Amino acid sequence: MTSLSTPRCFWLVRFAARETAMDPSEVEFLAEKQLVKIIPNFSLDKIYLIGGDLGPFNPGLPVEVPVWLALNLKQRQKCRIIPPDWMDVEKLEEMRELERKEDAFTPVPSPHYMELTKLLLNHASDNIPKADEIRTLVKDIWDTRIAKLRLSADSFISQQEAHAQLDNLTLMEINTVREFLLDSLNCMYKLRSNLQPGSRKGQLTDY
Amino acid sequence: MFCEKAIELIRELQRNSEGQLPAFNEDGLRQILQEMEALYEQNQADVNKAKSAARSDLIPSIKLRHCCLLRNQRCIMAYLYDRLLRIRALRWEYGSVLPANVRFHMSAEEVQWFSQYKKSLASFMRSLGGGAGLDITQDMKPPKSLYIQVRCLKDHGEFEIDDGTVILLKKNSQHFLPRWKCEQLIRQGVLEHVVS
Amino acid sequence: MDTQSYCPVPPGVGMEENFLSLDDILLSHERLPVRTECVFPRLGFLEKSSDTQDIPEATKMELPLWLSKGLYERKRKVLSVELPKVYREGWRTVFTADPNVVDLHKMGPYYYGLGSQMLHFDSPENPDIAQALLQTFIGRFRRTMDSSQNAYNEDTSALVERLDSLEKVLFRSGQNGLNSFQSWEKGQASQLTASSLVLNYRKRKLADVQT
Numbered sequence: 001m002t003s004l005s006t007p008r009c010f011w012l013v014r015f016a017a018r019e020t021a022m023d024p025s026e027v028e029f030l031a032e033k034q035l036v037k038i039i040p041n042f043s044l045d046k047i048y049l050i051g052g053d054l055g056p057f058n059p060g061l062p063v064e065v066p067v068w069l070a071l072n073l074k075q076r077q078k079c080r081i082i083p084p085d086w087m088d089v090e091k092l093e094e095m096r097e098l099e100r101k102e103d104a105f106t107p108v109p110s111p112h113y114m115e116l117t118k119l120l121l122n123h124a125s126d127n128i129p130k131a132d133e134i135r136t137l138v139k140d141i142w143d144t145r146i147a148k149l150r151l152s153a154d155s156f157i158s159q160q161e162a163h164a165q166l167d168n169l170t171l172m173e174i175n176t177v178r179e180f181l182l183d184s185l186n187c188m189y190k191l192r193s194n195l196q197p198g199s200r201k202g203q204l205t206d207y
Numbered sequence: 001m002f003c004e005k006a007i008e009l010i011r012e013l014q015r016n017s018e019g020q021l022p023a024f025n026e027d028g029l030r031q032i033l034q035e036m037e038a039l040y041e042q043n044q045a046d047v048n049k050a051k052s053a054a055r056s057d058l059i060p061s062i063k064l065r066h067c068c069l070l071r072n073q074r075c076i077m078a079y080l081y082d083r084l085l086r087i088r089a090l091r092w093e094y095g096s097v098l099p100a101n102v103r104f105h106m107s108a109e110e111v112q113w114f115s116q117y118k119k120s121l122a123s124f125m126r127s128l129g130g131g132a133g134l135d136i137t138q139d140m141k142p143p144k145s146l147y148i149q150v151r152c153l154k155d156h157g158e159f160e161i162d163d164g165t166v167i168l169l170k171k172n173s174q175h176f177l178p179r180w181k182c183e184q185l186i187r188q189g190v191l192e193h194v195v196s
Numbered sequence: 001m002d003t004q005s006y007c008p009v010p011p012g013v014g015m016e017e018n019f020l021s022l023d024d025i026l027l028s029h030e031r032l033p034v035r036t037e038c039v040f041p042r043l044g045f046l047e048k049s050s051d052t053q054d055i056p057e058a059t060k061m062e063l064p065l066w067l068s069k070g071l072y073e074r075k076r077k078v079l080s081v082e083l084p085k086v087y088r089e090g091w092r093t094v095f096t097a098d099p100n101v102v103d104l105h106k107m108g109p110y111y112y113g114l115g116s117q118m119l120h121f122d123s124p125e126n127p128d129i130a131q132a133l134l135q136t137f138i139g140r141f142r143r144t145m146d147s148s149q150n151a152y153n154e155d156t157s158a159l160v161e162r163l164d165s166l167e168k169v170l171f172r173s174g175q176n177g178l179n180s181f182q183s184w185e186k187g188q189a190s191q192l193t194a195s196s197l198v199l200n201y202r203k204r205k206l207a208d209v210q211t
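Protein chains in written order, with the working numbering: chain H, 1 to 207; chain V, 1 to 196; chain A, 1 to 211.
Hints in this document: simulated from the structure, not taken from any laboratory. Since this is a predicted model, take the numbers as computed values, not measurements. Check each hint, because a few of them may be wrong.
[Claimed, not checked] With a straight-line cut-off of 27 Å between C-alpha atoms, the simulated DSSO-like cross-links for lysine-lysine are: (1) A:186 / H:130; (2) H:101 / H:74; (3) A:48 / V:5.
[Stated by the list, open to error] DEER-style ranges, computed between Cβ atoms: (4) V:171 / H:139: 36 to 42 Å; (5) V:1 / A:76: 43 to 49 Å; (6) V:164 / H:135: 43 to 49 Å; (7) V:108 / A:103: 42 to 48 Å; (8) H:41 / V:97: 56 to 62 Å; (9) H:51 / V:161: 56 to 62 Å; (10) V:171 / H:30: 36 to 42 Å; (11) V:127 / H:41: 43 to 49 Å; (12) H:154 / V:31: 46 to 52 Å; (13) H:30 / V:161: 27 to 33 Å; (14) H:130 / V:194: 52 to 58 Å; (15) H:154 / V:81: 23 to 29 Å.
Heads up, the beta-carbon is just placed ideally off N, CA and C, and yes, glycines get one too.
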């Protein structure tokens, strides 16, 4: 809990401009832009869209597409989804141990690991080996990180720090505590300003 | 004490903290304005006396009444402003036509304000997308699919969808409809979104 | 919908009030013990215990915060304001010893708000009051946070009852974050729902019919 690097600071300010937190479904929407590998069972030429080109699609040949398209094709049984490398029991177990051992937040495999886990496991669990174990592991990692986040929020307040380092936190994680943390910091700021009588405005204008 | 009526108005709004609109308290407002008039007249009289008869001992009371005038003013402004915030929210929750029991609770000026807000919102939405128009009250959450399954919670009568087909929205009937056509009816509690 | 379209004017918190905030108006309606330092002619009827025409000098009475603030002047004192007892040294010691045991709702419910407002009146104790407010908030923060983040299915009413109005707002924003995440996790986030405003109206209409 010391410095705040510039890009993250900017990010926080942009977030602070919103009155309330994002809805998790909006965060999920952003996650759907992440790329995932699929193996299509149809052929189609390249499609040119504003958000980027898709395809070409050839039966049996792996191709990278955004998650929203992968899920749509999967629902229509047009493809098989190849889970991302990190969505693997052994790798996630390692990550869980590291997360539990370290005091700071460890790097996550994807900025949207929580959303991708939910989306892929809900719609393509037949393409993902040991789906249930993966679900539990990711939830464990999430819980450990949220407990850490709460712990650091408390020490942030009790030690009256002015900066916080948010390295390695994901959007979904920040979003769940965002409204609460901003409101709390705002209250603390006001109560701290009380300590400086110099900041007092001379006139009592409120009736 | 002065300004008791004013705080009553504020409490009335605070009791409905979810944003419901209580009936416009015309009588309460009139009483506050009457009190303000009386305060103002007493102050005028005392100010004149203080000037002509050099009665500076009257000043503390003049100041007290003046504070009360400003307090009443603040409460009335806050009352009217908070009501406008609630009325603006109605446009987003109910759509552009309000049910009679809600409209009943608005003053004539508030009804007028609502219709002007409605108009400026509509002309803003028409101007979007290079003149093509965009309904920004739709898709408040990112849509997952174009069509959704809905169940009717009450009889709503006939309902026309994009392709011109007319369907009958009868209580407990289920339909598969374009999402954008249903969103408002779901918000109004006519339809229920069925998630499988 | 979870996202409410109605967002009331937030309270100012601290020394400055927000002019249009309903919360701040109610806070400034809190009564303070004061002592008049001059005669208020022709306002005797405001003081219930006396039947004189004027409010005499040195009368002890209670005035709302807004009026005390409006009349208060450092140079020409027309009244002096006494510190409510929760902000006096005796209570300050209790608060700083263990801020978690006190029932701030009963003491307040505007403990922080009113305390900050008291700093408008000159007093040698002001720095200590400001410090006590801050330390109480910090000391209670963990409890406020944990109860708002953990207790999804637990009964928190006993704990919430003891929160100051400011802490209640924090509690609610903590619960909002948690609840919306949990409903997303359960897959309910994409479901369209009726407006809570509409539902509330219906409830009230039903209540009207029944009474």
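Now the hints, each set against the structure:
About 20 Å separates the Cα atoms of residue 186 of chain A and residue 130 of chain H, which keeps this hinted pair within 27 Å; it holds. For the suggested pair residue 101 of chain H and residue 74 of chain H, the alpha carbons sit about 38 Å apart, so the restraint of at most 27 Å is broken. For the hint pairing residue 48 of chain A with residue 5 of chain V, the CA-to-CA distance comes to about 18 Å; that is within 27 Å, so the pair holds. A hinted range of 36 to 42 Å holds for the C-beta pair residue 171 of chain V and residue 139 of chain H, which are about 41 Å apart.
Between residue 1 of chain V and residue 76 of chain A the CB atoms are about 23 Å apart, so this pair departs from the stated range of 43 to 49 Å. Roughly 46 Å separates the CB atoms of residue 164 of chain V and residue 135 of chain H, a value that falls within the hinted 43 to 49 Å. Distance hint check: the CB atoms of residue 108 of chain V and residue 103 of chain A are about 46 Å apart, consistent with the given range 42 to 48 Å. The given range of 56 to 62 Å is broken by residue 41 of chain H and residue 97 of chain V, whose C-beta atoms sit roughly 49 Å from each other.
A beta carbon spacing of about 29 Å between residue 51 of chain H and residue 161 of chain V contradicts the range 56 to 62 Å that was offered as a hint. The supplied range of 36 to 42 Å is met by residue 171 of chain V and residue 30 of chain H, whose beta-carbon atoms lie about 39 Å from each other. Here the CB-CB span from residue 127 of chain V to residue 41 of chain H is close to 45 Å, well matched to the stated 43 to 49 Å. Checking the proposed 46 to 52 Å range against residue 154 of chain H and residue 31 of chain V shows it holds: the Cβ atoms sit about 49 Å from each other.
The hinted range of 27 to 33 Å is satisfied by residue 30 of chain H and residue 161 of chain V, whose Cβ atoms lie roughly 31 Å apart. Judged by the Cβ atoms, the range 52 to 58 Å given for residue 130 of chain H and residue 194 of chain V is violated: they are separated by roughly 32 Å. For the pair residue 154 of chain H and residue 81 of chain V, the beta carbons lie near 37 Å from each other, so the given range of 23 to 29 Å is not met.
Hint check: violations occur at hints 2, 5, 8, 9, 14, 15; the rest are consistent with the structure.
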